[in-house]
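Enquirer: Numbering follows the working numbering, in which position 718 of the sequence shown is assigned residue number 727; successive positions increment by one, without gaps.
Bear in mind the hints are in silico, worked out from the structure with no lab data behind them.
Note that the structure is predicted; figures quoted are calculated from it, not measured.
Be aware that a few hints might be false.
To be verified - Lysine-lysine pairs mimicking DSBU-like chemistry, simulated, CA-CA at most 35 Å apart:
#1 Lys162 with Lys41
#2 Lys672 with Lys822
#3 Lys412 with Lys363
#4 Lys122 with Lys162
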Amino acid sequence: MEQNYSFSDIEAKWQTRWNEQQLYKVTANPDKPKLYILEMFPYPSGKIHMGHVRNYSIGDVVARFKMMQGFNVLHPMGWDSFGLPAENAAIKHKQHPAQWTRNNIAYMKNQLKQLGFSYDWDREVATCDRLYYKWQQWLFLKIYEKGLLYKKKSIVNWCDECNTSLANEQIEGDKCWRGHTSIGQRELEQWHMRVTDYADELLACCDSLEKGWPERVLTMQRNWIGKSYGTSVLFPLADGSGDLEIFTTRPDTLFGATFMVLAPEHPMARSLCAGTPHEPAVLEFVNKVGLQEKAVRTDDATEKEGVFTGKYAINPLTNEQIPIWIANFVLMEYGTGAIMSVPTHDQRDFDFAKKYGLPLRVVIQPQGETLSAEEMTAAFVEDGFLVNSGEFNGLPNRDAIQKITEHVAQKGIGKATVNYRLRDWGISRQRYWGNPIPMIYCDDCGTVPVPEKDLPVILPEDFEFSSHAGNPLTKMPEFFNVPCPKCGKPARRETDTMDTFVDSSWYYMRYTCPDYDKGPLDPESVNYWMTVDQYIGGIEHAILHLLYSRFFTKVLRDLGLVKFDEPFSNLLTQGMVVAPTFYRDLPGDKKEWINQGDIDIATDERGVPVSATLKADGLPVIIGATEKMSKSKNNGVDPQSQIDKFGADATRLFILFAAPPEKDLNWNDQAAEGSFRFVTRMWRLVYTTLPDIQGVQVGEIDHAALPKAVRDLRRKTHSTIKKVTEDLDGRFHFNTAISAVMELLNEINGVVLPESGADRDIAARVLREAVEAMVFLMSPFTPHVCEELWEVLGHTKSIFTEKWIAFDAEAAKAEEILIVVQVNGKVRSKLTVAADASEDEIRQGALTDERVVAFMEGKTPKKVIVVPGKLINIVI
10 MEQNYSFSDI EAKWQTRWNE QQLYKVTANP DKPKLYILEM FPYPSGKIHM GHVRNYSIGD
70 VVARFKMMQG FNVLHPMGWD SFGLPAENAA IKHKQHPAQW TRNNIAYMKN QLKQLGFSYD
130 WDREVATCDR LYYKWQQWLF LKIYEKGLLY KKKSIVNWCD ECNTSLANEQ IEGDKCWRGH
190 TSIGQRELEQ WHMRVTDYAD ELLACCDSLE KGWPERVLTM QRNWIGKSYG TSVLFPLADG
250 SGDLEIFTTR PDTLFGATFM VLAPEHPMAR SLCAGTPHEP AVLEFVNKVG LQEKAVRTDD
310 ATEKEGVFTG KYAINPLTNE QIPIWIANFV LMEYGTGAIM SVPTHDQRDF DFAKKYGLPL
370 RVVIQPQGET LSAEEMTAAF VEDGFLVNSG EFNGLPNRDA IQKITEHVAQ KGIGKATVNY
430 RLRDWGISRQ RYWGNPIPMI YCDDCGTVPV PEKDLPVILP EDFEFSSHAG NPLTKMPEFF
490 NVPCPKCGKP ARRETDTMDT FVDSSWYYMR YTCPDYDKGP LDPESVNYWM TVDQYIGGIE
550 HAILHLLYSR FFTKVLRDLG LVKFDEPFSN LLTQGMVVAP TFYRDLPGDK KEWINQGDID
610 IATDERGVPV SATLKADGLP VIIGATEKMS KSKNNGVDPQ SQIDKFGADA TRLFILFAAP
670 PEKDLNWNDQ AAEGSFRFVT RMWRLVYTTL PDIQGVQVGE IDHAALPKAV RDLRRKTHST
730 IKKVTEDLDG RFHFNTAISA VMELLNEING VVLPESGADR DIAARVLREA VEAMVFLMSP
790 FTPHVCEELW EVLGHTKSIF TEKWIAFDAE AAKAEEILIV VQVNGKVRSK LTVAADASED
850 EIRQGALTDE RVVAFMEGKT PKKVIVVPGK LINIVI
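With the hints as extra help, turn the sequences into a complete structure.
Expert: So this is what it looks like as structure tokens:
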């Protein structure tokens, strides 16, 4: 009866049937508990990668399992389809971003369907669809009305030749991504959202997420918000032109401030030296440092660099003139972007002062010692007593913090302050492929919102995109020339588009009502489905996307659109899919990254590459580090190649089995082939046992009355059901669940039925129960083959409409267990005892075991330690 396992035919068959049956289509149902399972939606780059497959396979297992447990499961998918990568790709391929994006969506959607994910495609959204971006523009206007949107000048990376701003990822060394060298920084007016208005609530609500979110993510969010208590102090400019405000958590060191340092992005960094001989050097430094990664700038290993502005400030407590510098290690994100530098009591300031010959003054002395600024080789950062600090001399420095804060407040030059690392969210982007910002500028009326009746502001698509440098919207009079909605006079439409983080900050709510046209959200639908019960995505989104989504939720709540405070009840951040890299060295310290498909690889017994050569000419290839799969390193594996070779089920199975979801997954083709072999074994087992179990009804089984061999199989069946259920219910122990089913398959393989009679009948019932359990338990992991085998076993309904299989608690209990026996901590024997054996029985069995007696050499035990169900240690 055995049929060939033709995975391509089987998978196509069941994908078609699921679609015809609308198996995953879901609506609100008050008779079932709801469950919202969501993976972070992808950018439509052209093909899904193994990271996508892992993310979506995890979510699919949970969705199918919960569906079978009786939940009303919402499991949608869509596309984060606006953004910079589409513009870059469109220029490269000489296509319009709209065409490029929509073609990619069609291709990637087909790939996701090939993998058999249980998405309700009727709920699909794409952020570039007019209905979606219309309601996002409407939300923009409501947020503006609420006073949470404003414009201010901020620094952007700029390329003169491209005539556009650049994201950090568009800069490679000293060039823009198109190869131009005319890059620098420019101050532009940008729209900002007042995320800082919600800083305290965002921080406080982290506590409510502790049960469902990884501690690491919450720590990252808390640190990003960065609430700290300190003192703000005004340092007057020596030329009388204004003040520099600093924030410090160490006002006890104010008397030791001997110079000031500004961040290159500080608003005064350029203006201080305007028209002075120092201006060229300052602008060169500001432009250079502004293009560097901030994490690199603040790394302790990065050399501290700076430039003198030629200007001075007044230390308000010493009345001394102190120089103002600009340095790479100061960021606008901290405090005010300006710091007072106390080199004797801050190592970073100490290193900077030593490098540039700046003065040092000791203001904290350790108990019983005298520090000399001239002799110091490192900053003193411990507590002590104030010196060189006027009326505060002799105070313990920690006591002086409050007193000096009160002092500067009385003088009107400072105050106690709460500071946040969090900054308002700049959402303006000087690029075309994004959601148009619905604002109009009139010479008479100022900034005027687009009337709601005129929404959406449609992003024009009928033009030749590739011929334009910069943002083509700025060159379209038909787009930006509009009458003022208030006075009717000629006005100008905003040509900036929104940051795509805005698009992704509420998409999960729109899934609940994707076709709703009376507002952004249908109140009934969004309040039925939200919050998202399980959100799944990469750790790289731990801060910005998740923080902005939390912020957006609170704003929409305050606008009366939703009734909840947080968007995601539970969060899983899955690990990356990583693979070895291979390359050849090229002149100029460059590397040529080689695709795995072009090389022959020799591996050790663990499957780790030990040598590699080019297939074409046999020349050696260098084995690089194991890194996240990426196109730039040529170490990606196309999921399509795996689907074509092994099928969707085997591809999914390897992804789920190879590592726990939260850990990085090391890809190797041999392991993927192993998953295919297991699926094939399961297929063959069903067909092998089918003649013995076809037509057999399992019914009620008296477990205790079963013959021992049959009872052992039933025990294995029900202990496996118990194990898999527990591993999937509220946990993500997919690899151990799959391993348990593999053990069950091995157990079934060893079964030989009696030739005839009552014993054969009961054995056939137990065997059928075991085979059905195996197929059922594997169905969330390998859905296509399990649907097919379920049908082969005689079932007429989809396996995913069946109720999740229950286990018999008595049958699942082990009748006998294996106890390890140690003598002085070393394993000397093993005992097989009854599962309910007492400690005395286990102790007696160990002390009379022949091997143990031999190792005891007639000595009396000092102690006998019994670890129930596991081991016994005899100490002699």
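Enquirer: Confirm or reject each hint.
Expert: So, going through the hints one by one against the coordinates:
1. Restraint check for Lys162 and Lys41: not satisfied, since their Cα atoms lie roughly 52 Å apart, outside the 35 Å limit.
2. Among the hinted pairs, Lys672 with Lys822 is consistent with the structure: their alpha-carbon atoms are about 32 Å apart, no more than 35 Å.
3. Annotation: proposed proximity of Lys412 to Lys363 holds, straight-line Cα distance about 31 Å (limit 35 Å).
4. Using a Cα cut-off of 35 Å, the hinted pair Lys122 and Lys162 is violated, with the two alpha carbons roughly 46 Å apart.
Hints 1, 4 from the earlier list are contradicted by this structure; the remaining hints agree with it.
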